[in-house]
Amino acid sequence: MFEIILKKQLAPNVKLIEVKTPLIAKKALPGQFVILRVHEKGERIPLTIADKNLEKESITIVFQEVGKTTKLLGRLGVGDKISDIVGPLGNPSEIEKFGVVIGVGGGVGIAALYPILKGLKEKGNYVISIIGGRSSDYVIFREEIKNISDEIYITTDDGSLGRKGLVTDVLKEILEERKIDRIWAVGPTIMMKVVSDLTKNYGVPTIVSLNPIMVDGTGMCGGCRVTVGDKIKFTCIDGPEFDGHLVDFDELLARLKTYKEEEALALRLFEESEVGKVGHSKN
Amino acid sequence: MAIVKTKTPIPEQPVEERIKNFDEVALGYTEEQALIEASRCLQCKDAPCVKGCPVNIDIPGFIRLIKEKKYDEAIKKIKESNNLPATTGRVCPQETQCEALCTLKKVGEPVAIGRLERFVADYELNKGYEIPPIVKKYDKKVAVVGSGPAGLTVAGDLARMGIKVSIFEAFHEPGGVLIYGIPEFRLPKRIVRAEVEYIKSLGVEIFTNVVVGRSVTIDELLKEYDAVFIGTGAGAPQFLNIPGENLIGIYSANEFLTRVNLMKAYKFPEYDTPIKIGKIVGVIGGGNVAMDAARTALRLGAKEVHILYRRTEEEMPARYEEIVHAKEEGIIFNFLVSPVKFVGDEKGHLIGIELQRMTLGEPDSSGRRRPIPIEGSNFVFPIDMAIVAIGTVPNPLISMTTPGLSVNKNGTILIDKETGKTSKDRVLAGGDVASGSATVINAMGAGKIAAKSIFKLLTEE
Ligand SMILES: Cc1cc2nc3c(=O)[nH]c(=O)nc-3n(C[C@H](O)[C@H](O)[C@H](O)COP(=O)(O)OP(=O)(O)OC[C@H]3O[C@@H](n4cnc5c(N)ncnc54)[C@H](O)[C@@H]3O)c2cc1C
Ligand SMILES: Cc1cc2nc3c(=O)[nH]c(=O)nc-3n(C[C@H](O)[C@H](O)[C@H](O)COP(=O)(O)OP(=O)(O)OC[C@H]3O[C@@H](n4cnc5c(N)ncnc54)[C@H](O)[C@@H]3O)c2cc1C
Ligand code: SF4
Ligand code: SF4
Ligand code: FES
Ligand SMILES: [Mg+2]
Chain A
1 MFEIILKKQL
11 APNVKLIEVK
21 TPLIAKKALP
31 GQFVILRVHE
41 KGERIPLTIA
51 DKNLEKESIT
61 IVFQEVGKTT
71 KLLGRLGVGD
81 KISDIVGPLG
91 NPSEIEKFGV
101 VIGVGGGVGI
111 AALYPILKGL
121 KEKGNYVISI
131 IGGRSSDYVI
141 FREEIKNISD
151 EIYITTDDGS
161 LGRKGLVTDV
171 LKEILEERKI
181 DRIWAVGPTI
191 MMKVVSDLTK
201 NYGVPTIVSL
211 NPIMVDGTGM
221 CGGCRVTVGD
231 KIKFTCIDGP
241 EFDGHLVDFD
251 ELLARLKTYK
261 EEEALALRLF
271 EESEVGKVGH
281 SKN
Chain B
284 MAIVKTKTPI
294 PEQPVEERIK
304 NFDEVALGYT
314 EEQALIEASR
324 CLQCKDAPCV
334 KGCPVNIDIP
344 GFIRLIKEKK
354 YDEAIKKIKE
364 SNNLPATTGR
374 VCPQETQCEA
384 LCTLKKVGEP
394 VAIGRLERFV
404 ADYELNKGYE
414 IPPIVKKYDK
424 KVAVVGSGPA
434 GLTVAGDLAR
444 MGIKVSIFEA
454 FHEPGGVLIY
464 GIPEFRLPKR
474 IVRAEVEYIK
484 SLGVEIFTNV
494 VVGRSVTIDE
504 LLKEYDAVFI
514 GTGAGAPQFL
524 NIPGENLIGI
534 YSANEFLTRV
544 NLMKAYKFPE
554 YDTPIKIGKI
564 VGVIGGGNVA
574 MDAARTALRL
584 GAKEVHILYR
594 RTEEEMPARY
604 EEIVHAKEEG
614 IIFNFLVSPV
624 KFVGDEKGHL
634 IGIELQRMTL
644 GEPDSSGRRR
654 PIPIEGSNFV
664 FPIDMAIVAI
674 GTVPNPLISM
684 TTPGLSVNKN
694 GTILIDKETG
704 KTSKDRVLAG
714 GDVASGSATV
724 INAMGAGKIA
734 AKSIFKLLTE
744 E
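Those protein sequence lines, which keep their order, are chains A and B. Using this note's numbering, the final residue of the first sequence is 283, and nothing's skipped along the way. Using this note's numbering, the final residue of the second sequence is 744, and nothing's skipped along the way.
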């Protein structure tokens with residue numbers, strides 16, 4: 001059992017929790033994730049390690065409530081326990097001195113991007129961040145990202161913060177003007193696809209962090225397989241980061257919809273249940 | 284006394300019932316049936332059956348005790364060499380092991396050794412087990428990686444010899460394939476849990492949610508423990524590497540069975556893990572795993588389940604009993620066909636599989652006749668779900684992160700079979716991770732050997 005020691009609401013439907021996980025905190029590196037199971041009857045879901053604290057022996061997770069499991073997780077408060085957390089899983093990001101790097105983050109992906117950019121900054125790279133969301137409320141981790149960036153750009157769909165438009169609008173302008181050595185894109189699959197399509201034209205190496213459906217996270221189910229170049233890769237052990245120019249995003253997008261009906265049913269039943277009905281959640 | 288030529292039948296759930304539930308198919312002998320079956324044993328002096336058992340259980344010995352109704356002593360006798368008898372009594376391929384060598388086979392069917400083993404094991408589980416006394420304790424600690432039959436055996440044996448053992452398991456529940464792979468209707472999870480509880484009662488600690496190679500490395504374990512045993516199995520699924528394999532509706536058997544068994548997707552939405560079952564399911568392969576996947580798909584509501592196997596029934600590696608049960612339940616067997624590609628619709632869903640017909644040629648290195656493709660015989664078989672059950676290999680996580688550990692090119696850890704020792708000092712290995720996919724009792728046999736040499740290593744240095 002793993003105890004929640006801190007909880008914050010970051011945006012409508014986006015929450016941050018800090019969980020005591022001594023073993024994982026000791027090992028976690030940027031780009032890695034955990035798999036957790038909220039309760040005895042729960043499913044296993046992957047979530048990125050957004051930060052870690054060695055003194056508190058804890059890791060930070062930032063998640064968007066999209067379905068049954070993330071909503072259930074969002075109902076837990078400080079002092080509550082999560083049944084199982086395993087990790088750190090996946091390969092760490094390749095953090096080196098590249099020169100000028102851009103981090104593109106969308107939605108909850110901004111939190112996952114944060115430790116990578118932090119690592120890149122520490123290695124002496126010139127870090128440009130472009131983060132975006134639906135509206136001002138959804139652009140999370142602004143302060144954290146700002147603190148480790150040499151330049152930061154914010155976009156929102158409705159123009160309520162920063163520039164009205166998409167992260168790729170800003171990215172395109174920068175690519176037109178400057179030489180960039182490497183790009184990281186972390187966010188919704190569709191965003192990573194659009195970013196990769198764009199940067200291909202400029203020949204800038206682009207790393208994406210993929211989020212296929214997972215079960216074990218250790219290479220024993222193959223459910224997380226994706227096509228990269230002409231090879232089949234298991235995201236949990238070969239990734240989660242891959243060369244965005246080689247990823248078959250359309251296949252990934254299709255596979256992410258595998259359980260659409262079942263997920264809708266689980267969510268409906270949850271929202272009708274006693275726990276689900278409680279409109280607010282504990283802090 | 285006249286020899287009874289046939290085995291005492293074991294009561295089973297009727298077919299029409301059992302294909303609708305996940306309850307155990309074989310119900311186990313009653314005391315009366317067990318006594319009848321035990322009385323068939325000739326108590327052969329040379330006991331050929333014992334040589335067929337990879338852990339050399341004193342088979343005539345325990346059967347004699349059943350005959351005498353000394354069930355407590357019978358189970359003690361079995362547990363001298365086997366820590367998980369309720370499991371092996373159910374899942375051992377007895378027809379190729381102990382029962383294959385039974386003297387009675389010369390005149391009829393062998394003694395139902397497995398069923399008798401299960402009978403006394405269940406007797407003990409119902410009654411509550413006795414914890415054997417640990418005579419002498421040593422100030423030594425061993426780390427066991429993986430909690431499948433190999434790991435549990437090493438842990439149980441060492442604990443009984445007085446050595447402190449900690450098991451590290453990647454999943455949230457111990458048991459290995461017994462818990463995530465073999466279905467409930469063949470090996471109820473309450474049995475596996477009880478066997479694990481028994482190992483814990485010997486003083487073994489089990490840490491779940493620890494992926495060795497990620498959460499902690501073998502070298503780190505070596506700093507804290509006097510020796511390390513690797514029993515991580517062969518859990519990485521192999522795919523066919525043919526076009527269309529990432530279409531929606533195609534599962535590895537591992538994913539399918541893990542969702543259903545470990546995660547209880549058969550109870551969705553009470554349990555949160557979903558599973559998608561097709562109407563017409565094709566299972567590729569001919570081993571136990573394929574049979575389990577096929578019978579599971581049927582129970583989850585598939586209309587038709589087809590086994591697609593590239594050789595013939597004779598070469599199928601599955602346990603005899605599984606093939607019989609699968610046939611009874613209506614699984615359709617298609618032999619001498621080999622997948623060429625998967626066919627999908629515009630949304631990326633599986634709608635068919637292209638198969639090529641095969642013929643059998645000369646025996647290959649495994650002694651089985653090699654399938655040869657027939658040119659121009661391809662045809663498309665409509666299916667909307669496929670389960671790929673063509674084998675597994677060891678997971679690379681440990682070999683990738685353990686300098687000095689030699690592995691074969693297929694990823695199996697190289698060991699000295701007599702001792703279980705690997706190329707790395709104080710690191711031993713056994714079970715599927717060293718042998719490639721084999722059987723529960725072989726993994727346990729390897730565990731016994733490793734336990735002995737670890738004990739020697741730690742007490743004689
Ligand atoms: C490596 C990795 C890291 C991730 N990191 C984060 C993160 O830091 N924060 C965050 O909010 N989300 C993250 N995700 C996505 C997160 O796992 C899903 O949003 C979550 O599983 C949804 O579960 P649910 O039951 O709430 O929603 P559901 O309604 O069940 O699913 C909503 C959608 O999420 C996806 N999904 C469902 N089950 C799984 C599963 N077992 N594994 C992966 N995806 C699934 C599917 O596309 C599905 O349509 C990550 C995914 C991966 C693979
Ligand atoms: C579906 C199916 C049906 C089968 N049916 C039969 C049958 O009827 N009869 C029979 O005799 N055999 C059967 N087998 C084969 C048998 O189950 C295996 O041979 C046996 O389980 C091997 O035991 P093991 O201890 O070596 O490994 P496993 O049982 O595979 O256990 C390995 C354990 O190690 C864990 N692990 C892996 N990597 C790590 C890591 N890095 N860190 C920590 N833990 C890790 C795994 O999660 C797992 O729990 C079947 C196999 C399958 C898949
Ligand atoms: S353990 Fe298996 S092989 Fe040995 S006697 Fe029991 S059933 Fe037979
Ligand atoms: S070979 Fe058969 S009959 Fe003889 S002792 Fe063994 S089980 Fe009994
Ligand atoms: S999640 Fe199962 S292999 Fe990657
Ligand atoms: Mg879900």
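Calculated directly from the structure, the hints in this document are not laboratory data. Check each hint, because a few of them may be wrong.
To be verified - Simulated pairs of lysine-lysine, DSS-like, Cα-Cα distance not exceeding 25 Å:
(1) B:LYS506 / A:LYS26
(2) B:LYS424 / A:LYS26
(3) A:LYS41 / B:LYS547
(4) A:LYS257 / B:LYS562
(5) B:LYS424 / B:LYS388
(6) B:LYS692 / B:LYS483
(7) A:LYS260 / B:LYS586
(8) A:LYS71 / B:LYS586
Sort out whether LYS547 of chain B lies within 25 Å of LYS41 of chain A, counting only the CA atoms.
holds, 8 Å
Under the criterion that the straight-line Cα-Cα distance not exceed 25 Å, is the pair LYS424 of chain B, LYS388 of chain B satisfied?
violated, 46 Å
Is the hinted pair LYS260 of chain A and LYS586 of chain B satisfied, with a Cα-Cα distance of at most 25 Å?
holds, 22 Å
Does the alpha-carbon distance linking LYS692 of chain B and LYS483 of chain B stay inside the 25 Å limit?
violated, 35 Å
What's the verdict on LYS506 of chain B and LYS26 of chain A, does the C-alpha distance respect the 25 Å limit or exceed it?
The hint holds at about 16 Å.
Next pair to validate is LYS257 of chain A with LYS562 of chain B; report whether the Cα-Cα distance is within 25 Å.
This hinted pair holds, its Cα atoms lying about 19 Å apart.
Does the alpha-carbon distance linking LYS424 of chain B and LYS26 of chain A stay inside the 25 Å limit?
Holds, at about 23 Å.
Taking 25 Å as the top limit, are the C-alpha atoms of LYS71 of chain A and LYS586 of chain B close enough?
violated, 35 Å
Consistency note: the structure conflicts with the earlier hints numbered 5, 6, 8.
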